[in-house]
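Listed below are the residues making up each chain.
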Amino acid sequence: MEAPDEAGSARTATAGRRWEQASSWIRPYREVVLAAILVLVFGNFWLRLDTFVSGRRGQALLDPDFWPGLLVAIATVLSLMYLLLAIADVVRVRRGASADETDDGERASPSLSDPAARDVPTLDRRLRTLAAFALLGLYVYLMPTTGFVPVTLLFTVAFLLLLGERRWWFLIVLPLGVVATVILVFTRLLVVPLPRGVDFFLEFSTYLY
Amino acid sequence: MDIVGGFLSVLQPGHLLLMITGVFIGLVFGTIPGLSGVTAVALLVPFSYALGAEASIIMMIGVYVAATCAGSLAAVLFNMPGDVMGAATARDGYPLTQLGQADRAIALAIMSSAIGGIIGAALLVGVAPQFLRIALQFGPPEYFAMAMLGMACVASLGTGSLVKALIAAVFGLMLATVGLDPVSGALRFTFDIQQLQGGIDFIPAIIGFFAVSEILMGIYKGTAAGTYTKEDIRKVRRFPMPSLADLKATRLTLFRSSIIGNFVGMLPGAGATIAAFLGYGTTRQLSRDTSKFGHGDVRGVAGPESANNSAAAGSMVPLLTLGIPGGATTAILLGVLILNGLRPGPLLFRDSPEVTSSVFASMPVASLLVFVIGLLTVRMLLRLLTIPFKVFSTVILVFAVVGTFAIYNRPVDLWIMLFCGVIGFFAKRFDFPIAAIVLGLVLGSIAETGLVNGIGVSRGDWGVFFSRPFTLGTFAAAAVLLLAPLIWSAVGRLRGGETEKTRTSA
Numbered sequence: 001m002e003a004p005d006e007a008g009s010a011r012t013a014t015a016g017r018r019w020e021q022a023s024s025w026i027r028p029y030r031e032v033v034l035a036a037i038l039v040l041v042f043g044n045f046w047l048r049l050d051t052f053v054s055g056r057r058g059q060a061l062l063d064p065d066f067w068p069g070l071l072v073a074i075a076t077v078l079s080l081m082y083l084l085l086a087i088a089d090v091v092r093v094r095r096g097a098s099a100d101e102t103d104d105g106e107r108a109s110p111s112l113s114d115p116a117a118r119d120v121p122t123l124d125r126r127l128r129t130l131a132a133f134a135l136l137g138l139y140v141y142l143m144p145t146t147g148f149v150p151v152t153l154l155f156t157v158a159f160l161l162l163l164g165e166r167r168w169w170f171l172i173v174l175p176l177g178v179v180a181t182v183i184l185v186f187t188r189l190l191v192v193p194l195p196r197g198v199d200f201f202l203e204f205s206t207y208l209y
Numbered sequence: 001m002d003i004v005g006g007f008l009s010v011l012q013p014g015h016l017l018l019m020i021t022g023v024f025i026g027l028v029f030g031t032i033p034g035l036s037g038v039t040a041v042a043l044l045v046p047f048s049y050a051l052g053a054e055a056s057i058i059m060m061i062g063v064y065v066a067a068t069c070a071g072s073l074a075a076v077l078f079n080m081p082g083d084v085m086g087a088a089t090a091r092d093g094y095p096l097t098q099l100g101q102a103d104r105a106i107a108l109a110i111m112s113s114a115i116g117g118i119i120g121a122a123l124l125v126g127v128a129p130q131f132l133r134i135a136l137q138f139g140p141p142e143y144f145a146m147a148m149l150g151m152a153c154v155a156s157l158g159t160g161s162l163v164k165a166l167i168a169a170v171f172g173l174m175l176a177t178v179g180l181d182p183v184s185g186a187l188r189f190t191f192d193i194q195q196l197q198g199g200i201d202f203i204p205a206i207i208g209f210f211a212v213s214e215i216l217m218g219i220y221k222g223t224a225a226g227t228y229t230k231e232d233i234r235k236v237r238r239f240p241m242p243s244l245a246d247l248k249a250t251r252l253t254l255f256r257s258s259i260i261g262n263f264v265g266m267l268p269g270a271g272a273t274i275a276a277f278l279g280y281g282t283t284r285q286l287s288r289d290t291s292k293f294g295h296g297d298v299r300g301v302a303g304p305e306s307a308n309n310s311a312a313a314g315s316m317v318p319l320l321t322l323g324i325p326g327g328a329t330t331a332i333l334l335g336v337l338i339l340n341g342l343r344p345g346p347l348l349f350r351d352s353p354e355v356t357s358s359v360f361a362s363m364p365v366a367s368l369l370v371f372v373i374g375l376l377t378v379r380m381l382l383r384l385l386t387i388p389f390k391v392f393s394t395v396i397l398v399f400a401v402v403g404t405f406a407i408y409n410r411p412v413d414l415w416i417m418l419f420c421g422v423i424g425f426f427a428k429r430f431d432f433p434i435a436a437i438v439l440g441l442v443l444g445s446i447a448e449t450g451l452v453n454g455i456g457v458s459r460g461d462w463g464v465f466f467s468r469p470f471t472l473g474t475f476a477a478a479a480v481l482l483l484a485p486l487i488w489s490a491v492g493r494l495r496g497g498e499t500e501k502t503r504t505s506a
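Chains as they are written, first to last, in the numbering used here: chain A, 1 to 209; chain B, 1 to 506.
What the hints contain is simulated information worked out from the structure, not anything from laboratory work.
Note that this is a predicted model, so its numbers are computed, not measured.
Quick reminder that beta carbons are idealized off the backbone N, C-alpha and C, glycines included.
Do not take every clue at face value.
Not the full set, but computed from the structure, chain B residues with beta-carbon under 7 Å of chain A [what the hints assert, rightly or not]:
(1) V170
(2) L173
(3) D181
(4) P182
(5) S184
(6) L187
(7) I219
(8) L339
(9) V395
(10) R410
(11) P411
(12) G456
(13) W462
(14) G463
Here are the simulated distance ranges between beta carbons [to be verified]:
(15) A:S54 / B:L347: 50 to 60 Å
(16) A:R126 / B:A484: 37 to 47 Å
(17) B:F470 / A:A88: 36 to 46 Å
(18) B:Y408 / A:L171: 27 to 37 Å
(19) A:F170 / B:R234: 18 to 28 Å
(20) A:D50 / B:P411: 21 to 31 Å
(21) B:A484 / A:A88: 44 to 54 Å
(22) B:G473 / A:V191: 44 to 54 Å
(23) B:G463 / A:P193: 34 to 44 Å
(24) B:I134 / A:S24: 38 to 48 Å
(25) B:G294 / A:L171: 41 to 51 Å
(26) B:Q194 / A:A134: 22 to 32 Å
(27) A:P193 / B:G126: 40 to 50 Å
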């Protein structure tokens, strides 16, 4: 995976600015969007509870869907309240009233008027976070197939590159050190099995642990 | 309860070495911003297979007590708390550093933690047997009521929005329903994924919520870890020593905050963070001269530090006597006991008295070790802040993945960890309290079992939840906790309106 530079290249910086401009209109509505998603998700669970809970009803005093049903109902009502509060927040900000003057009571987003919260990470950071998610997903996905050692070496090198490490010796020493430590601690000291993978990888792992 | 036997067990060379290791790990994880004692304890779970219940609990208590103290080191020196509870100590600790008294503040913080831990442990020995007597009379409705009180605590005592906290808590309770229903055998929220039938285990989830999401957040927002230089750290002497004068000036605060912290710790859902803020708040409110608070008052350091360590001891009470964990760390300790075939609750005292007495004895010993090791290694611990984020985040992620896999050897746990990491990231991004989600997940099955069995025992009579004095009192406390913030803000608004009126009329 191509990793952006520590400081972020000029190209991503420009792209970042463009992204900021394009996405700035949605920022005040972010909480509203999230609240709406929560209402939809919880509401869907509530209305279609039968499809999510299998099993017979009427066998016991409380059906197996009683407690989950109660929870999703409460969650739906709470997310509706959250949606209303978020909309109220947007309206308040739109009217130009400074949040400090209006109230200090219950609001959906206490940070809406907080300058620190407006300090949005650049596109570079967002891409890195997304790439970190993806790398971690790939790591977990490949682990059962390749076993612990190959995928961990790849993951650590890729993750360090992603976070801006460029010293070649460091990219060799740290991954090898981590892998060696884990093998020693888990298989020798604790006698806890590590994933071995399949086929070729399985055979390879038997040489190491 | 055989306390002497507990001390003899903890002081065995092997156990003592494990505890020293635990204290050291806890100090390291507590100091580095973004890592916490919970993460350390969770990553140590696979070790319990090799160590057994008693030894691993001794080690984990060392981690827990040390991390609770170490969160304040970076808070005092750089106003950059290693964890949330450090923020309470930073209010007066950082001003002391600005006055050039970093040594004094750090030494006092470590000493207060140790004293809080010891007072908390003494209270634990006194209170737990009384609690046990009540616990033996507990039926399903009481367990349900306690779980609800925990949810009310975690939702209302947090700092952000109450609605968000409640959504987080209910979401956590929903996560706990995933899988095969133990009562009816029905499949719930498994989405036709066979591996989900076993449910969502809370240890992989906790690793996801605390370790993975924290590191992803560090990438997203940037972190102060690794940005400090050796010169910054030289502000503290190699071996700072607490002064007798400070001890004398804060003795009342230490005692009072320890007692408050201990009782807060016993409440499920409250925990050390809330104890730290309450410890600070009460110290400030009950002091005659409050002019120096916020500008470097030693009592503002001693208050929160003694309260949070005492709360750590207090949190052992519901865990051991009822099997109800009050937070993420105690939930992991519960998990370790279960992994080793023990069942926390009133019967643990009868069936495995050696484990309970070791827990009681571990608390004061760990506090003393934190005092000694903490003061001796302050400079080294602070030097951890110069380690670049990329190094420790890589190492922690690998250990998170391996540690999660090693607990049950199930690949599905890795996906659960990742899922919880993603949810935790967005929860942090939008200010939903992760502690509420985790407590919901942990208390979910206790709550549901209490509800279903309670209704079963009473043959469908819902009155059983409201006719017993204990459940009634607990529900009332939960209701007060939930409604109090709303009433406070309404009263505040009314008063604000009145003063405005008088101002305009004048």
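Status of each hint after checking the structure:
{"no.": "1", "hint": "V170", "in the structure": "holds (5 Å)"}
{"no.": "2", "hint": "L173", "in the structure": "holds (5 Å)"}
{"no.": "3", "hint": "D181", "in the structure": "holds (5 Å)"}
{"no.": "4", "hint": "P182", "in the structure": "violated (10 Å)"}
{"no.": "5", "hint": "S184", "in the structure": "holds (4 Å)"}
{"no.": "6", "hint": "L187", "in the structure": "holds (5 Å)"}
{"no.": "7", "hint": "I219", "in the structure": "holds (5 Å)"}
{"no.": "8", "hint": "L339", "in the structure": "violated (12 Å)"}
{"no.": "9", "hint": "V395", "in the structure": "holds (6 Å)"}
{"no.": "10", "hint": "R410", "in the structure": "violated (10 Å)"}
{"no.": "11", "hint": "P411", "in the structure": "holds (5 Å)"}
{"no.": "12", "hint": "G456", "in the structure": "holds (6 Å)"}
{"no.": "13", "hint": "W462", "in the structure": "violated (10 Å)"}
{"no.": "14", "hint": "G463", "in the structure": "violated (14 Å)"}
{"no.": "15", "hint": "A:S54 / B:L347: 50 to 60 Å", "in the structure": "violated (34 Å)"}
{"no.": "16", "hint": "A:R126 / B:A484: 37 to 47 Å", "in the structure": "holds (39 Å)"}
{"no.": "17", "hint": "B:F470 / A:A88: 36 to 46 Å", "in the structure": "holds (40 Å)"}
{"no.": "18", "hint": "B:Y408 / A:L171: 27 to 37 Å", "in the structure": "holds (33 Å)"}
{"no.": "19", "hint": "A:F170 / B:R234: 18 to 28 Å", "in the structure": "holds (26 Å)"}
{"no.": "20", "hint": "A:D50 / B:P411: 21 to 31 Å", "in the structure": "holds (30 Å)"}
{"no.": "21", "hint": "B:A484 / A:A88: 44 to 54 Å", "in the structure": "violated (22 Å)"}
{"no.": "22", "hint": "B:G473 / A:V191: 44 to 54 Å", "in the structure": "holds (48 Å)"}
{"no.": "23", "hint": "B:G463 / A:P193: 34 to 44 Å", "in the structure": "violated (52 Å)"}
{"no.": "24", "hint": "B:I134 / A:S24: 38 to 48 Å", "in the structure": "violated (57 Å)"}
{"no.": "25", "hint": "B:G294 / A:L171: 41 to 51 Å", "in the structure": "holds (46 Å)"}
{"no.": "26", "hint": "B:Q194 / A:A134: 22 to 32 Å", "in the structure": "holds (26 Å)"}
{"no.": "27", "hint": "A:P193 / B:G126: 40 to 50 Å", "in the structure": "holds (44 Å)"}
This entry does not satisfy hints 4, 8, 10, 13, 14, 15, 21, 23, 24, going by the numbered hints stated previously.
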